[in-house]
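These are the residues of each chain, in order.
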Amino acid sequence: MKRKGQKRRANVLLLAMIVFSLLLVTACGGNSGSSSNNNTTGKNNTGAPSGSGKTDGQDNKDNKPKVTITHAVNGDSPSRDAWIQAIADAVGVNVDIQILPTEQFEQIYKVKAGTKDLPDMINYHPGARTRFDLQPRDNLVDLSDLPIANKIMDDILPYYQEEDGALYGVPSQAVRFGGIAYNKRVFKEAGVSVPQSLEELLDISEKLKAHGVTPFYLSGKDSWTLQIPGLVAFSYDQLHTEGILNQINQNKASFTDAKNFIEAYETLLVMLDRGYINSDFLSATYANGQQAIAEGTAAMYPVLSSFYGTIMDNYPDKLDEMGFFPWPVEGQKAVTFWPPMIYGIPNYSKNIDDVKKYIEYFASDEGQSLYFKHQPAIGVPAYKGIQIDESTLLEPIKDMIEVSKTARQFATMDFSVVVNMGAFGEKVQEVLMEVRTPTGLAEYLMDTLRNNAKSAGIAGF
Amino acid sequence: MHNLERKTYSLTFVLPWLLVYAVFFILPTLFGFYYAFTDWNLHSVRFAGLNNFVEIFQDPVFSMAMKNTILFTVVSVALKVVVSLSLALALHRCIASNFFRTVFFTPYVLSYIAIGVLFTAILHPEIGLLNQTLRAIGLDFLAWGWLIEKGKVIYSLAFIDVWRSMGFHMAVFIAALQTIPQDLQEAALTDGAGPLQKFRHVTFPLLASAFNANIMFALIVGLTKFDLVYATTGGGPGYFSEVLKTMVYKQFAMGRYGLATAGELIIFIVVITLTVALRRMLEKREVEV
Numbered sequence: 001m002k003r004k005g006q007k008r009r010a011n012v013l014l015l016a017m018i019v020f021s022l023l024l025v026t027a028c029g030g031n032s033g034s035s036s037n038n039n040t041t042g043k044n045n046t047g048a049p050s051g052s053g054k055t056d057g058q059d060n061k062d063n064k065p066k067v068t069i070t071h072a073v074n075g076d077s078p079s080r081d082a083w084i085q086a087i088a089d090a091v092g093v094n095v096d097i098q099i100l101p102t103e104q105f106e107q108i109y110k111v112k113a114g115t116k117d118l119p120d121m122i123n124y125h126p127g128a129r130t131r132f133d134l135q136p137r138d139n140l141v142d143l144s145d146l147p148i149a150n151k152i153m154d155d156i157l158p159y160y161q162e163e164d165g166a167l168y169g170v171p172s173q174a175v176r177f178g179g180i181a182y183n184k185r186v187f188k189e190a191g192v193s194v195p196q197s198l199e200e201l202l203d204i205s206e207k208l209k210a211h212g213v214t215p216f217y218l219s220g221k222d223s224w225t226l227q228i229p230g231l232v233a234f235s236y237d238q239l240h241t242e243g244i245l246n247q248i249n250q251n252k253a254s255f256t257d258a259k260n261f262i263e264a265y266e267t268l269l270v271m272l273d274r275g276y277i278n279s280d281f282l283s284a285t286y287a288n289g290q291q292a293i294a295e296g297t298a299a300m301y302p303v304l305s306s307f308y309g310t311i312m313d314n315y316p317d318k319l320d321e322m323g324f325f326p327w328p329v330e331g332q333k334a335v336t337f338w339p340p341m342i343y344g345i346p347n348y349s350k351n352i353d354d355v356k357k358y359i360e361y362f363a364s365d366e367g368q369s370l371y372f373k374h375q376p377a378i379g380v381p382a383y384k385g386i387q388i389d390e391s392t393l394l395e396p397i398k399d400m401i402e403v404s405k406t407a408r409q410f411a412t413m414d415f416s417v418v419v420n421m422g423a424f425g426e427k428v429q430e431v432l433m434e435v436r437t438p439t440g441l442a443e444y445l446m447d448t449l450r451n452n453a454k455s456a457g458i459a460g461f
Numbered sequence: 001m002h003n004l005e006r007k008t009y010s011l012t013f014v015l016p017w018l019l020v021y022a023v024f025f026i027l028p029t030l031f032g033f034y035y036a037f038t039d040w041n042l043h044s045v046r047f048a049g050l051n052n053f054v055e056i057f058q059d060p061v062f063s064m065a066m067k068n069t070i071l072f073t074v075v076s077v078a079l080k081v082v083v084s085l086s087l088a089l090a091l092h093r094c095i096a097s098n099f100f101r102t103v104f105f106t107p108y109v110l111s112y113i114a115i116g117v118l119f120t121a122i123l124h125p126e127i128g129l130l131n132q133t134l135r136a137i138g139l140d141f142l143a144w145g146w147l148i149e150k151g152k153v154i155y156s157l158a159f160i161d162v163w164r165s166m167g168f169h170m171a172v173f174i175a176a177l178q179t180i181p182q183d184l185q186e187a188a189l190t191d192g193a194g195p196l197q198k199f200r201h202v203t204f205p206l207l208a209s210a211f212n213a214n215i216m217f218a219l220i221v222g223l224t225k226f227d228l229v230y231a232t233t234g235g236g237p238g239y240f241s242e243v244l245k246t247m248v249y250k251q252f253a254m255g256r257y258g259l260a261t262a263g264e265l266i267i268f269i270v271v272i273t274l275t276v277a278l279r280r281m282l283e284k285r286e287v288e289v
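These protein sequences, in sequence, are chains A and B.
Read in the numbering used here, the first sequence has 20 at position 20, and its numbers run on one by one without any break.
Read in the numbering used here, the second sequence has 56 at position 56, and its numbers run on one by one without any break.
Hints should not be assumed to be uniformly reliable.
As the list claims (entries may be wrong) - To spell it out: a stretch of chain A is covered by chain B in this simulated footprint if at least three of its residues, at any positions, have a beta carbon under 8 Å from a beta carbon of chain B; those stretches are:
(1) 110-121
(2) 280-289
(3) 433-443
What the hints assert, rightly or not - Only pairs whose alpha carbons sit at most 35 Å apart, straight line, appear in this in silico DSBU-like list of lysine-lysine:
(4) K116/A with K398/A
(5) K398/A with K333/A
(6) K150/B with K259/A
(7) K356/A with K384/A
(8) K150/B with K284/B
(9) K67/B with K207/A
(10) K67/B with K454/A
(11) K67/B with K150/B
(12) K318/A with K209/A
(13) K7/B with K245/B
(14) K245/B with K454/A
(15) K209/A with K284/B
(16) K350/A with K398/A
(17) K7/B with K116/A
(18) K150/B with K7/B
(19) K333/A with K151/A
(20) K333/A with K356/A
(21) K373/A with K318/A
(22) K357/A with K373/A
(23) K259/A with K67/B
(24) K454/A with K150/B
(25) K209/A with K152/B
(26) K151/A with K398/A
(27) K405/A with K373/A
Think of the hints as simulated: they come from the structure by calculation, not from any bench.
For glycine and all other residues, C-beta sits at the position ideal for the given N, C-alpha and C.
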């Protein structure tokens with residue numbers, strides 16, 4: 001009898017705890033609008049549904065509820081979140097930032113486009129990637145009527161504007177460059193200067209090695225970083241062989257004709273053979289590369305200029321020791337730029353007007369000033385007429401501006417080919433392991449391009 | 001007295017579940033078969049005949065992925081069965097057996113992503129714990145590039161998989177050991193059988209069903225391994241640890257959904273063929289107590 005009574009009391013206690021928990025959860029879950037009043041951006045990596053039309057908080061000026069714009073971005077970056085928040089504050093909207101893992105960023109966007117679940121504000125690769133992956137004619141709003149459409153820099157405009165003048169995306173960042181990040185302090189201590197040719201690159205590497213640092217850093221575990229030398233060297237192929245990319249896109253030439261592309265990887269093999277490259281190049285990561293250059297244990301590292309944004313996040317006091325130079329080939333210089341990712345709006349978003357306001361403000365003088373205040377070293381403006389205070393410029397950006405004044409500029413080949421070739425970092429790993437030649441890598445790229453173009457039904461393949 | 005009559009449940013009880021199964025499993029699978037013969041990019045579908053299969057079979061990465069998948073499966077199945085059987089026999093009636101069972105089972109509850117990150121750090125050629133330890137005890141010649149040397153990486157991955165799963169297979173063997181009647185063991189002892197003879201003629205035959213279940217499970221896991229490889233090496237360096245599933249993943253990533261679905265269909269056929277053949281072979285030696 002006693003045991004039965006105890007059991008009943010335990011059941012009552014359990015029931016009371018469940019009811020109490022339910023009340024607690026209900027109380028915490030309610031009135032979320034007011035609880036988020038103080039935050040204009042909310043980070044979310046679970047992928048909330050798009051076009052929610054959610055309204056949170058109250059605008060102080062006209063007492064209208066603040067609209068929440070959903071926005072899916074590639075990877076985590078505190079400095080990026082800071083400028084998004086600054087723009088959102090200025091426009092008077094909330095931005096719900098959904099962080100997508102870098103490795104799956106493209107797949108997730110493609111699936112969201114296919115299932116009409118894109119966020120209110122899209123952030124995706126420009127050019128052919130948007131055209132093939134997001135099907136903009138069916139899915140995105142034409143932004144050509146926005147006044148900022150005329151402000152996009154002429155060099156990068158073809159990556160945003162369709163042949164019929166439609167504009168399904170506008171630049172969402174600075175124009176980034178590809179090249180070599182280097183530690184100026186280490187260069188100075190070793191008594192070497194920026195190389196102007198591949199021979200000079202080998203010469204200074206020898207001196208840097210003698211100085212006791214790793215001359216050239218490669219981070220093969222993050223295999224995408226191994227693509228950079230080839231992509232930046234290909235600009236010299238475009239410089240020396242006019243129209244080579246168009247011919248490749250028409251299946252009339254091949255990557256095996258891209259001598260500078262092939263020579264870039266041959267040079268890496270020589271550097272590897274002479275001990276100029278870190279011995280753990282196949283297991284080193286991008287984060288290891290940042291650390292090595294920032295701390296000066298390595299002198300050079302092939303990167304995109306977004307590298308300096310991550311340096312600013314992780315090693316802010318080292319940013320002024322950093323420098324930038326393009327891939328060194330003798331004679332006139334060529335530099336590779338990466339057209340910024342797009343801001344786009346799905347045509348089924350419930351917040352089209354608010355996203356347009358955000359985008360217009362971002363591209364305005366004030367918005368760009370805010371952006372460059374938070375991202376002072378990532379690249380150069382994508383919009384015309386943006387004045388940057390040169391006295392506040394950091395070392396890498398000064399180098400990039402200097403390079404952009406003299407070098408011929410070409411957009412990265414992987415955004416300019418007729419169809420997505422996929423990543424080729426693993427093939428570069430094979431080259432560095434000497435199981436594939438640099439020419440074999442070029443052959444592989446062309447085979448992949450042909451297969452993918454044929455599959456996409458592109459004429460000439 | 002009731003009339004004894006064999007009754008079966010009405011089919012209508014099963015119908016809702018059959019419907020769910022058909023909609024969420026059979027139909028998508030059949031759609032998958034169809035898409036394997038198309039150029040499909042999520043927005044449009046174009047019939048492509050056998051082109052996807054021709055492209056896959058002509059791709060050298062496929063033969064490498066197939067070779068690696070087979071190597072991984074054979075090594076991991078063999079080691080999982082041998083190691084987990086040894087552990088089960090050792091822990092069946094040992095002191096503090098519950099404690100040790102928990103210790104060996106613990107890795108099984110860790111996610112492959114966490115294990116991948118963990119072993120990437122442990123097996124780093126320069127700063128990894130394993131190579132640092134080997135160097136510290138004077139075994140420098142064994143401080144290999146476990147995850148970056150082309151001839152070693154797939155074996156390293158198989159060892160990681162065995163480490164993670166041996167606790168699960170051990171639990172299956174222990175459960176089976178506990179069902180072996182004590183009188184059979186005692187009878188063997190009375191007949192003068194030594195420990196080895198007892199194992200060979202009594203224990204091992206009666207473990208056949210658990211043995212077969214473990215082999216089948218390890219085989220299917222091995223042939224369809226993705227998460228561990230993706231998290232630890234991503235199929236690299238180069239394609240030296242590429243397996244069929246990571247190859248298919250990269251085809252999806254490139255936007256070649258038709259091609260990737262064809263790859264999935266090939267994996268499906270390989271897994272079904274091997275498991276059915278092996279099942280038929282193994283079930284002949286099962287013994288009922």
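Does K7/B lie within 35 Å of K150/B when you go C-alpha to C-alpha?
With Cα atoms ~61 Å apart, K150/B and K7/B exceed 35 Å; violated.
Are there three or more residues in the segment 110-121 of chain A whose C-beta lies within less than 8 Å of some C-beta in chain B?
holds (count 4)
Restraint status (C-alpha distance of K67/B to K207/A at most 35 Å)
Violated, because 44 Å separates the two Cα atoms, which is more than 35 Å.
Sort out whether K384/A lies within 35 Å of K356/A, counting only the CA atoms.
At roughly 19 Å apart (the allowed maximum being 35 Å), K384/A and K356/A satisfy the hint.
Does K356/A sit within 35 Å of K333/A, going by the straight-line distance between their CA atoms?
38 Å, violated
For the pair supplied as a hint, K209/A and K284/B, is the alpha-carbon distance within the 35 Å limit?
This hinted pair is violated, its Cα atoms lying about 66 Å apart.
Is the straight-line distance between the alpha-carbon of K67/B and that of K150/B 35 Å or less?
13 Å, holds
Straight-line alpha-carbon gap K151/A to K398/A, limit 35 Å
Between K151/A and K398/A the Cα gap is close to 23 Å, so the pair holds against 35 Å.
Would you mind confirming whether the straight-line C-alpha gap from K373/A to K318/A stays at or under 35 Å?
At roughly 18 Å apart (the allowed maximum being 35 Å), K318/A and K373/A satisfy the hint.
Is the Cα-Cα distance between K357/A and K373/A 35 Å or less?
20 Å, holds
Within the segment 280-289 of chain A, is the number of residues with a Cβ closer than 8 Å to a Cβ of chain B three or more?
holds (count 3)
Taking 35 Å as the top limit, are the C-alpha atoms of K245/B and K454/A close enough?
Holds, at roughly 24 Å.
In terms of the numbered hints stated before, the structure departs from hints 4, 8, 9, 13, 15, 16, 17, 18, 20, listed from lowest to highest.
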